[in-house]
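Participant: Kindly generate the complete structure, drawing on both the sequences and the hints.
Quick note: the sequence shown uses the UniProt record's numbering, first residue 1, plus one each step.
Please note that a few of the clues may not be correct.
[To be verified] Here are the simulated lysine to any residue pairs, SDA-like style, with alpha carbons at most 20 Å apart: (1) Lys22 / Gln79; (2) Lys95 / Leu48; (3) Lys67 / Ile9; (4) Lys95 / Asp46; (5) Lys63 / Leu85; (6) Lys31 / Lys95; (7) Lys13 / Lys56; (8) Lys22 / Val84; (9) Lys63 / Ile9; (10) Lys67 / Lys95; (11) Lys56 / Asn96; (12) Lys13 / Asn96; (13) Lys95 / Ile9; (14) Lys13 / Asp54; (15) Lys23 / Leu80; (16) Lys13 / Ser64; (17) Lys22 / Phe34; (18) Lys95 / Leu85; (19) Lys95 / Ser7; (20) Lys23 / Val84; (21) Lys95 / Phe34; (22) Lys67 / Val5; (23) Lys95 / Ala45; (24) Lys63 / Trp39; (25) Lys56 / His92; (26) Lys67 / Thr82; (27) Lys13 / Gly76; (28) Lys31 / Ser14; (29) Lys23 / Ile68; (30) Lys13 / Phe69; (31) Lys23 / His92; (32) Lys13 / Met93; (33) Lys95 / Val50.
Hints were generated in silico from the structure; no laboratory data involved.
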Amino acid sequence: MVSHVESVIRDFKSLSDYMRLKKDNDEDGQKIVFRNFSWDDNRVADHLSVYLKDTKSQEEIEKSFMKIFPYHISIGDHQLATMVLWVKARIHMLKN
1 MVSHVESVIR DFKSLSDYMR LKKDNDEDGQ KIVFRNFSWD DNRVADHLSV YLKDTKSQEE
61 IEKSFMKIFP YHISIGDHQL ATMVLWVKAR IHMLKN
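Facilitator: Next up, the structure:
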């Protein structure tokens, strides 16, 4: 099984790839990255509601996340927003 830290790194790579493909208007590539994202990780799926209830941690994670991916909000893409939320929940798991 992949470690939690390795999963975060893989998700960061996927986010980076997705944003690059979005910039290049490569819709097929975006679909592939989105489809191959870590959606099958039940640890994150189970933790998502915990993350959404912890508004204090959400603020902290958002500040850190903006330093890594400062342009993710300006892209305005629902699939990217969903991926970002998933990664933030994964990061929150590291804190708990």
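Participant: Honestly, which of those hints from before does the structure not fit?
Facilitator: When the structure is compared with the hints, numbers 6, 7, 12, 14, 21, 24 and 31 turn out to be violated.
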